[in-house]
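Using UniProt numbering, you'd call the opening residue of the sequence shown number 1 and step up by one each time.
Treat the hints as calculated values from the structure; they're not laboratory data. Note that CB positions come from ideal geometry on N, CA and C, so glycine has one too. Hints may be right or wrong, so weigh each one.
With a straight-line Cα cutoff of 30 Å, these simulated DSSO-like cross-link-like pairs (lysine-lysine) come out [said to hold, decoys possible]:
#1 K421 with K440
#2 K440 with K425
#3 K440 with K428
#4 K274 with K259
#5 K90 with K35
#6 K440 with K489
#7 K27 with K48
Pair ranges (Cβ atoms, derived) [said to hold, decoys possible]:
#8 C265 with R23: 20 to 30 Å
#9 T154 with Q182: 33 to 43 Å
#10 P215 with G171: 22 to 32 Å
#11 T156 with C265: 39 to 49 Å
#12 R378 with E424: 48 to 58 Å
#13 A413 with L487: 27 to 37 Å
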Amino acid sequence: MSTIPQANIEEATSVILQANLSRLEHKVLVDFVEKAVSPELAASEVLKRVNCNADRPVEEVLRGFKNDWQRLVATVARKTPDPSHTSAFKELIYRRDQSRCCLTPSGGQQLAPPVPTFILPPTLLHVLEHDVSRSLMDAFMTPSGVSRLRDMLTDTSDQGLLANTWLLAPGVSHAFRAGHLQVQPRRAITWNEFDPAVHTKGPSKAETEDPQQLPLPSPFLFRAHHGLVNALHNFRIEEPFLSPQVQVMCRRLWHLLPKFIRTFCYRRLLDMGKSRYPQEISFVVHRLPLGLYAKRCDRTQDNEPNALRLLEREAPSIPAPRLIDTFQIPATDGGGDDWFIMTGLPGLRVHHVLHRMSYAERDQLADDLRRVLDRMHRIPNRTPYAFANVSGGTITDRRASGPDGCGPYNSEADLNSHLAKGVEKYLKQDLPNAFSRAHKSVFTHGDLFFSNVLVDGGRLSGIVDWENAGFMPEYWDFTKAMWASKLDKDAHAVYRRIWGHRFDEELEVERWLWRVFPFGGP
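Turn these sequences into a full structure, and let the hints guide you.
Structural data, given as structure tokens:
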């Protein structure tokens, strides 16, 4: 192998592995390169896609590549019509395969009559008409391989159909078409070394009485099927296999275990997470195996777990983590803190990628966030107070209070008096209309800065860090977001698309207060 193609393979693999993707996404993309007929061509296709989209986040480009590959290989599993086009062809295939399932040993009992089954469905031809799919297949199978594949799939002669068809028991046929079964040589190192005369000995050997008129299934098609269903298998693993209802049921079953056993497991996961994953978020949040995260309740005690419970109960469509459990680490063990376990969410933090997002993508993000906020504002406040944390307790938002918190309050006037504590007279002198408008109490996130917003594939995929959530005035998320991103004009443009200029008066008051209380609340 020459130096340049090998360098392309190494570069493509490095680009994939350095991208902030899941381990399974890394595997799908690396397998596309390494398991291709020509890894050099596959690597060049990956690099071409990344380089042609240099203005977009590399993770977004690679996920788009992965989605295109998934759509292509999913064709293998689509239901296709019975290949027995004519009674004459049916007679030929039953004669060649001796009316038996090709995977049933000669002495085995057949429980149901076998059915003719395509190795690769002719519908794959329609997918190859699209430029993106053809480019991917050329890279994975080589252009000459794809040309040969097209010739074989378009051959509707009896011999052509026999090369792409074999008899399988109904259940085996379904599993093969769905990609759960694949054929590979028994003693060949690779498909390139496959020789039907040598490698078909065994309990399910392939034989024919007339190789010209009754040809055996094509090893080339089996090889193509093998490569495609390997990728399909990875995508099947990636699919969520538990519905939200089943997830809730599993959590309830898990909670039947004694608390000390669950806590022991969480502490082991914490130890594993600290050794496996870098401290990439903050010192209170730790990534764990199994797609979970642990967070120490630093200031707000149980407010964030309560917020996640409320969201799951009242607005499950909002992309927030699912609460798994809470636990404590005793002070004698160096902890002395409350913790909770939650699920992870897909995507990248917006503040890392906003500068690489197109204007259309930013508008889409703003529209997605506006819909989420509208849904949040419909969550009922069942606490005894108008303005409070999630459960009706003390507000611990840094913008509203010091370390001891403030409130709760039954009137906005009381909340305003606290926000301008000690300076209300001067505020009124500079801004006579300050606090003159009344606002509804709504459920708010409290820290909707873009470090807490995730995007995946150009769409909103998650909102994290709900520790400051509670029931506050409807302008609260807007002014808090503007406070947290004082100098970020790109972020301000997105916020303006969400809220417009509805709360300009409140923002003016907030900016006055920021100068007086630059590090938080009074």
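Quick one, are K274 and K259 close enough, alpha carbons at most 30 Å? Cα-Cα ~22 Å, so holds.
A range of 27 to 37 Å was offered for this pair. Does it hold for the Cβ distance of A413 and L487? Since the Cβ atoms of A413 and L487 sit about 32 Å apart, the hinted range of 27 to 37 Å holds.
Do the alpha carbons of K27 and K48 lie within 30 Å of each other, as the hint requires? holds (19 Å)
Taken at face value, is the distance from the CA of K440 to the CA of K421 at most 30 Å? holds (22 Å)
K90 and K35 were given as a pair; does the straight-line alpha-carbon distance stay at or below 30 Å? With a Cα-Cα distance of about 35 Å, the restraint between K90 and K35 is violated, given a limit of 30 Å.
Given a hint of 33 to 43 Å, does the C-beta separation of T154 and Q182 actually sit inside it? violated (24 Å)
Is the hinted pair K440 and K489 satisfied, with a Cα-Cα distance of at most 30 Å? Roughly 28 Å separates the two Cα atoms, so the pair holds.
Please test the hint of 22 to 32 Å on the beta carbon pair from P215 and G171. Given range 22 to 32 Å: holds, Cβ gap about 26 Å.
Would the hint linking K440 and K428 be met if the CA-CA limit is 30 Å? holds (22 Å)
Taking 39 to 49 Å as the stated bounds, is the beta-carbon spacing between T156 and C265 within them? violated (59 Å)
Can you let me know if the beta-carbon spacing of R378 and E424 is within 48 to 58 Å? Taking Cβ atoms as reference, R378 and E424 lie about 33 Å apart, which means the hint is violated.
Does K425 lie within 30 Å of K440 when you go C-alpha to C-alpha? holds (25 Å)
Hints 5, 9, 11, 12 from the list above are not met by this structure, while the remaining hints are.
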